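S.K.: Please take these sequences and the hints and turn them into a complete structure.
Under our numbering, the first residue of the sequence shown carries the number 75, and numbering increases by one thereafter.
Hints listed in this document are in silico derivations from the structure and should not be mistaken for laboratory results. Being a predicted model, the structure only gives us computed values, none of them experimental. For each residue, glycine too, the CB sits at the ideal point set by N, CA and C. Warning: the hint list may mix true and false statements.
Calculated pairs, DSS-like style, for lysine-lysine (alpha carbon to alpha carbon, straight line, at most 30 Å) [stated by the list, open to error]: (1) K218 with K236; (2) K236 with K175; (3) K1058 with K812; (4) K867 with K888; (5) K867 with K964; (6) K218 with K232; (7) K236 with K177; (8) K812 with K175; (9) K177 with K232; (10) K767 with K232.
The calculated label-pair distances, taken between Cβ atoms and stated as ranges, are [unchecked claim]: (11) Y224 with P878: 48 to 54 Å; (12) L476 with L532: 23 to 29 Å; (13) Y224 with A416: 32 to 38 Å; (14) P818 with N941: 35 to 41 Å; (15) R349 with G739: 52 to 58 Å; (16) L1159 with L746: 20 to 26 Å; (17) P878 with E970: 47 to 53 Å.
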Amino acid sequence: MTRSPPLRELPPSYTPPARTAAPQILAGSLKAPLWLRAYFQGLLFSLGCGIQRHCGKVLFLGLLAFGALALGLRVAIIETNLEQLWVEVGSRVSQELHYTKEKLGEEAAYTSQMLIQTARQEGENILTPEALGLHLQAALTASKVQVSLYGKSWDLNKICYKSGVPLIENGMIERMIEKLFPCVILTPLDCFWEGAKLQGGSAYLPGRPDIQWTNLDPEQLLEELGPFASLEGFRELLDKAQAPNVAHELSGGCHGFSHKFMHWQEELLLGGMARDPQGQLLRAEALQSTFLLMSPRQLYEHFRGDYQTHDIGWSEEQAGTVLQAWQRRFVQLAQEALPENASQQIHAFSSTTLDDILHAFSEVSAARVVGGYLLMLAYACVTMLRWDCAQSQGAVGLAGVLLVALAVASGLGLCALLGITFNAATTQVLPFLALGIGVDDVFLLAHAFTETLPGTPLQERMGECLQRTGTSVVLTSINNMAAFLMAALVPIPALRAFSLQAAIVGGCTFVAVMLVFPAILSLDLRRRHCQRLDVLCCFSSPCSARVIQILPQELEDETVPVGIAHLTATVQAFTHCEASSQHVVTILPPQAHLVPPPSDPLGSEVFSPGGSTRDLLGQEEETRQKAACKSLPCAHWNLAHFARYQFAPLLLQSHAKAIVLVLFGALLGLSLYGATLVQDGLALTDVVPRGTKEHAFLSAQLRYFSLYEVALVTQGGFDYAHSQRALFDLHQRFSSLKAVLPPPATQAPRTWLHYYRSWLQGIQAAFDQDWASGRITRHSYRNGSEDGALAYKLLIQTGDAQEPLDFSQLTTRKLVDREGLIPPELFYMGLTVWVSSDPLGLAASQANFYPPPPEWLHDKYDTTGENLRIPPAQPLEFAQFPFLLRGLQKTADFVEAIEGARAACAEAGQAGVHAYPSGSPFLFWEQYLGLRRCFLLAVCILLVCTFLVCALLLLNPWTAGLIVLVLAMMTVELFGIMGFLGIKLSAIPVVILVASVGIGVEFTVHMALGFLTTQGSRNLRAARALEHTFAPVTDGAISTLLGLLMLAGSHFDFIVRYFFAALTVLTLLGLLHGLVLLPVLLSILGPPPEVIQMYKESPEVLSPPAPQGGGLRWGASPSLPQSFARVTTSMTVAIHPPPLPGAYVHPASDEHPWSPATTSVPGDQVQPLGEKSS
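M.R.: What follows is the structure in structure tokens.
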């Protein structure tokens, strides 16, 4: 075996062959994309050089700007109102809610505090005297709650909701009656006298003990108060009320203090009921009591101007604070009411409890944020540390993570300044997600910056780095922002705010990485150039004196150093446009330097002759000689080494490709099946932390008392008086819905129109009796009953302002005709009388009239004309029919009920009645009617946008199509895996699914760019792309996982399942698709290279001519015309490369690209293995 000739025998100058240049031509129609990207990267080069020249100024101004924006966090508003978070913006529900608030000012007439009692042993019967006694004990404890605020004591009687308090002219008696009037409490104890013990109201009369419901004799009370005021109306009310009878059974429900108007159905009181074949109640597993409190607005209005609050500056905010404090104390005492060894357990809940959960859900966990960022700092520092101290970038890693953290804070501050409210998704998820995604580009730039060609002038290093990697950063950042902007199409306010915030934070991170981080790299370049320690930059590197530097200049009379077997030649090229409109690249004489050879398992395939436009697309350069310290052998191993020598050779074998395609096809098929398992919905039990008392209550409520109060609201715009039949029909259609709880057979429908008509029929009957007996005549009603006198006044009304009264109508008309309709001319005057005279009926109907009818006090002893005139109510613009929905367990049940209710309203609209349903099912579940359609629309639009963006920047639709194909597969697979994980489809998973398209670009675009701009066979190009993208993509994935890791420590299972699990699966899918599936697809279906060589390569190189001087000295490049664009490439050659089986060997040719005029030892050949642009 002959040895290689010493380098001194090589020619001192390069003598080109007769054909002085080796032309390359842009393949097909790709000449325009190449030129456009070259122009774009020229701009990036100028940007990088400018930043490097002024790195200190850029860094200072960037940190100043980001710090100023971060101060906007001081004005951030965290939204916890469920309506503001979940009601679709601009939807019909939003418009209906706005209409309700516009008319009523506040939709909720009261707030509910609930107690649910269950047996500790599941399934045990709770309908026993002992269990009822324990329920009474807990309810009594809760009802005696008092809180002290603003120097006052607040108990249940002061803040509870009282239904139907009568109007009394005597103010003192009215206050006494109001104190004594019972609170509305829905409880199974109302079936027994013990239920009265929950009423804490009391009144004082001189000479007798305090009057309470436990010692109240209604008849005696009326006798004692009779001398002070006319209480006939109150006597009628008490005649309708009955004290609970101990003989009543729970079967059929219970009655409140008003037997006629307050009937609590079984479903409101008992859960888990079992009946015998005859329908008789046998057993139940749960009891429920509900205490109704006034809303903050009602409490404020109730005590405004009262002597009890005149000295504390009473406001609505203070009223809300009182209610919240009382509710928290109520829940605490109720849960502690029973001993731990009791056979029963109490679950308590209030609206304030829900608010507290949402506040806790929205709080930022400082420990998790700090822990996550410290973990990311440690990873970035360790990843970028090198054994060669002068080439290490640990400080750059630390600075990059801190910069991204500042960019995230500034983005959130900008969101706060723009008025975008924060929510739980913003505080719990976005800081970690944005950090993980933002650090990806930091790794990419840092990897590329360390591998800049040594021949690049020092002042152009940053420009060269941005020229090679800026396109990738721009492409991924634009797609990320586009993904979150598309996710903002989901019309849920909370998720729209989250998506907009993510897009803005992504934009700030992009600016930081593209402008400020290059300044940090430039400053670190100075440290590396001065051979100073990493992190501790004030100290010189201890190994800086042992640097071996081989310059690309003249080599003296030395042999090839041991281990040097590759010759890397940096060549100059220029391009011009010939008459044939072909873009021709002419390669000029190279300059060479030597590099150490790796052990190359890919042999001549991966490093076979080929050109590249990598300088136009931003990938790392070929292995270059750089200053290095002696280190341990293990220090040579890294991710790029693994990808080049282990992963790529294994993956790109034919049988490995087949296995990959089969496995990913199976995963796609399995995911399609999993997609059928995904259910819609998001219950409160999914949000509240498991194992808490709140979760126990919500679970018991969902299992035993799945009832929802809803209302059918009728609007203005039609004549109620002439549309009574349509209103009755609308009520009938709504009542026939499957989910509507029907009233007991013995009870009339609970709507204001039924109550109003029934009351008119009652006073008409009283009038008829009084008229028949002569107690009421044409000219007098004083001897008649109260109801008869009311009917008398109504019957003589004409509705004519000129002649308002007509006594001849007393016997010729009825208040309700034979068809059950109220005469239209009497409708609004009768409404005034009914509202003023039947407060319990009005309260039971929950009509909430707007405009409210005027107050009108009836005195049958006042016979003046003014007393006979009844002011008509104004035409109604708002009224409602209450209903109860039952059996709503799954989202499909809610959707069915909503669709039925909407259909009933639409049918009524055809009859001229404008109505809409209202209630929590319609507020929070109507989004599911179009959620999947919205999801598909957003994903499709985003995929199209991604295709357009990639096609625009790459100017290669083929590559863009493959990227979009892989992204679509990722989205489908993530959706299917959600089904297997039990994640339900709601607005939050929809946002993650839509964002998965943008996040997936981070894992795919770098690989596609590397493949597109490399020359050679598809296998060679895929292998090269893997070599240069494996490390930054893997580092980016690990950084994202580290950012998400802190979510796993959340107290909320919802965060763990819906964010941590989903985003972790997304990251792993992105890693597999970007580094396994996409290389295989590209090696099979990838687009052709952008640049092809026009000369024929040969495995042999002519022997060089005899030396003419002593060293190797390449000739200088000839001058180029000004119109030519200069392109630099590098060519690597090796002596005796180890070929792999199946490797492509270029055929020999009689014509050689370069013919060095020297002789070589027989048997030695020089094989050109690869060419790559800088």
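S.K.: Now look at each hint and say whether the structure bears it out.
M.R.: Taking the hints in turn, this is what the structure says about them:
no.	hint	result
1	K218 with K236	holds, 17 Å
2	K236 with K175	holds, 22 Å
3	K1058 with K812	holds, 25 Å
4	K867 with K888	holds, 12 Å
5	K867 with K964	violated, 53 Å
6	K218 with K232	holds, 12 Å
7	K236 with K177	holds, 22 Å
8	K812 with K175	holds, 29 Å
9	K177 with K232	holds, 27 Å
10	K767 with K232	holds, 28 Å
11	Y224 with P878: 48 to 54 Å	holds, 49 Å
12	L476 with L532: 23 to 29 Å	holds, 26 Å
13	Y224 with A416: 32 to 38 Å	holds, 36 Å
14	P818 with N941: 35 to 41 Å	holds, 40 Å
15	R349 with G739: 52 to 58 Å	holds, 54 Å
16	L1159 with L746: 20 to 26 Å	holds, 22 Å
17	P878 with E970: 47 to 53 Å	holds, 51 Å
Of the numbered hints stated above, the single one contradicted by the structure is hint 5.
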